[in-house]
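S.K.: This is what each chain is made of:
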Amino acid sequence: MAHLSLSGVSLDFPIYHSSARSMRRFALRGALGGKLNLEGKRATVAVLRNIDLELRDGDRLALIGPNGAGKSILLRTMAGVYEPECGTVSRLGRLTPLLSHGIGLDLEATGLENIFLLGMHLDLQPRQMRPKVDEIVEWTELGPFMAAPLRTYSAGMIMRLAFAVSTCAPPEILLIDEWLGLVDAAFQQKAHQRMAAFVGDTSILVLASHAPDLLGLWCSEAVRLEGGSIVERGPVADILESVGAAAAGDAA
Amino acid sequence: MSGKGWRAAADDFASGTSRTWLWRALAWNDVKHRYSGSVLGSLWITANIALLTLCLTLVFSGPLGASHGRYAPYVAIGLVLWYFVQSTLSEAPNAFVGQAETIRHSPLPLSIQVLRAVWRNILIFAHNAVVIPIVLVAFGIVPHPSAVLGLVGLLLLSVNLVSATVILGLLGARFRDIQPVMTSALQLLFFVTPIVWFPAALSGREGWIAAANPVFALIDVVRAPLLGDTPAATSWPMAIGVTIAGAALAAAGFARFRHRVAYWV
Chain U
1 MAHLSLSGVS LDFPIYHSSA RSMRRFALRG ALGGKLNLEG KRATVAVLRN IDLELRDGDR
61 LALIGPNGAG KSILLRTMAG VYEPECGTVS RLGRLTPLLS HGIGLDLEAT GLENIFLLGM
121 HLDLQPRQMR PKVDEIVEWT ELGPFMAAPL RTYSAGMIMR LAFAVSTCAP PEILLIDEWL
181 GLVDAAFQQK AHQRMAAFVG DTSILVLASH APDLLGLWCS EAVRLEGGSI VERGPVADIL
241 ESVGAAAAGD AA
Chain F
1 MSGKGWRAAA DDFASGTSRT WLWRALAWND VKHRYSGSVL GSLWITANIA LLTLCLTLVF
61 SGPLGASHGR YAPYVAIGLV LWYFVQSTLS EAPNAFVGQA ETIRHSPLPL SIQVLRAVWR
121 NILIFAHNAV VIPIVLVAFG IVPHPSAVLG LVGLLLLSVN LVSATVILGL LGARFRDIQP
181 VMTSALQLLF FVTPIVWFPA ALSGREGWIA AANPVFALID VVRAPLLGDT PAATSWPMAI
241 GVTIAGAALA AAGFARFRHR VAYWV
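First to last, the sequence lines map onto chains U and F. Under the numbering used here, the letters of the first sequence match residues 1 to 252, in that order. Under the numbering used here, the letters of the second sequence match residues 1 to 265, in that order.
I should point out that these hints are in silico values taken from the structure, not numbers from a laboratory. Source: prediction; values computed, not measured. Keep in mind that a hint or two might mislead.
What the hints assert, rightly or not - List of simulated lysine to any residue pairs, SDA-like, C-alpha gap at most 20 Å:
#1 132(U) x 89(U)
#2 4(F) x 10(U)
#3 32(F) x 147(U)
#4 4(F) x 89(U)
#5 190(U) x 213(U)
#6 32(F) x 112(U)
With the rest of the complex left out, here is chain F (with noise of 0.2 Å):
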């Protein structure tokens, strides 16, 4: 690979973050207008989340041994990070496809098209998150001084989503199949992490399902210590592995690639 691609992506990564002002201004009328027309908006992903929440409580908390006040906050704040990692990642191969327009006929940064997507999966994420602090509230759970580790780990997974959408976008851009692929991959992904489901439930022999899933980890260590508990022992090593290894990875493609991407669209 020459200098020269590394360097050109380095500058479009560079002019692309410091436009702030583009990238959340162009996320923001995303979220605006994808839901004019409908009366509750955007509520409704939050009012699915609190009902999937309360209905998977009633359901599963028996058959998982759980009481309603462990279980409950558990799933909810699952749900609410599940649901943010799921739409970032299937809208991911569309981040280029999507603007095409834009990209065949200017010269703006492509790491825009990535940060807006990503910025506006975190609105809608700061919409749904309003969940919460109402189900820590309902069950009593005062959180402990380490919740703070909660939102590092939140800061990890939003810079996994920065990468896999650079990732999944090249793709999506040069394969257009990428887009179906993804639909199913994410409903595996779904039963096989543990959200619904306690990592606990695992044998010890099946421990590597949850441990070997860098989005379970991703989750575990926003989660576990918003619930005052403590990650998996597998879950901060992967986490900070897998944010390494996916910069890396992404830095290397959008060098690569980043060129061909005005001709693929």
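The following block holds chain U by itself, in its conformation from the complex (with noise of 0.2 Å):
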């Protein structure tokens, strides 16, 4: 049984320009009589408040929210990349992070390395990919360009490579931040149907997305985050119905 919980996270997001990521600046601070403190005088952003959230099998949350909302920032701390000062995160059950295309790949290495590597960075080992490759690469259509490094593929055909070895093994929690949208039209039906069972075989997904009609396909419920806050919870359409109008409302 999955489950993912969430209780009192808050997150501060500390913002280091250039000048903090001197070491001159440091140390004259430091020989000026400033305090000497690694971290120094952070300037922190919110940008997680009081996050309580709780998730069982079965359940398909939909994050819904404007650009800097805090969308990104909540998957990755659910995935445990950021580890919370306030309140606390459990999860139980194998997570994937879909986060960014991509991770691991390699643009040196050939369509075929490539396929580990990207299964290494998703926990998955070489064994454990090996009985997948062939379905893999049927799926991309990829066949005559796996001996070739990635560097001689379009955008198009990394994407889809990644997407496939992407949901090639479906965990119990998905979390996924959307890029899946960016697979090439050609291959929009197709990734369609792959991602409805790979989705389908998952206990939890939490997905966030700026399209509509993605979210009310995949999800059942959905929150509205607002500069770090929830605020708003309820049934995806209802949610999405009242986003819509308020958006409705601002350009009236």
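Two independent chains are provided; combine them into the complex using the hints.
M.R.: This is how it looks when you write it as structure tokens:
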């Protein structure tokens, strides 16, 4: 049984501008009697505020909100990239974060090698990947290019490969930041079918996207984020409607 | 420092080291593609070391008052070890920054990146190390049973490079000017460390230059046993001491700053 819960999670994001990264400034601050603290005085931005979420088997959650609302940061916090200073995150079950396309891609390596590299970055051992390779190659229709280095591929081909590997082993908890929409148009239909099977096999899905039809298709519930806080929660259709109404109100 | 930081750091290190399949494969992939497109590939480094050994022997064995048979193996082993130290340390500030994409989007343990960087250099070292048996055979040096101690020394050296990669990797993620600092520091280190010259060249009062240098100690405890020599009296204590101190410092730094790396890179 998979489980993902966040309670009272708040996260401040430090902002490092170029001067804070310089060692000379850092040394001068020490020499001039400033407080010698490796963290220095850092400017922070509050990116998540008091998030409470409890997800269980079968939950399909959409994250909705404008750019900068904290959707991506919330997903990364769920994944364990950021450890919140305040609150707790607990996970039970194999978690796959698809938060950026092609983590682990190496442009110098061949297509085939990249299948294994991508898999390894999803914590799939080469021996677990081997039985899946044929299916992946077939799906991508990139068979003749498998021995060529990735730098000879077009962006669309790379995306297809990354998509196929990312969706080859359904986890229990799946976190997706909108990048799967980037598969080229000819592949959209095929990608949707693959995605449906993939998502169907996972216990918990959290999806951040700006595409209402995508959210409506994969999710049942939604939270609306604004300024790092959950401002609304409910069935995905209702939330999308209220967001749409607000946008229409702004436009009027 | 909170117990939480230590526990999280220990978990990270344990789950990182246990994924041997991951960091070894990533390191292997790094080595494989770094030299793609060149004819000799990583053999260039080996060839470079061999050529440097030849030239240095012809030029310096006279002024240093050593026979070719004494100087050539000394300098060949010294250079192979130095190249290992130098390339690992110069890449270390980039250990986390170079993998920013992965670190920002995936919860894989950070220690993976450290082990990958060191293992990559161990692979290249293993490759360059073919120079050592060649030069030993060429000059008729039969390894003494105590040469096994050289392997212990090599293990200490590798552990220190892991610690150094953790520390420099953290610093390099936080301060972007560590990389240029390292380049000049390593050049200086090469000249003050007895690699192509003998520590005996130092007069009594200058002896501290070698004795206080942990890099010399770590090279000495590998090289001297292989040559059938005894390392300087200070070398083993220094090598063991710096291993413990370095590991402690790396562990403390990792526990304190590990969770910040995702923000820094």
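S.K.: To test your reading of the hints: which numbers does this structure violate?
M.R.: 1
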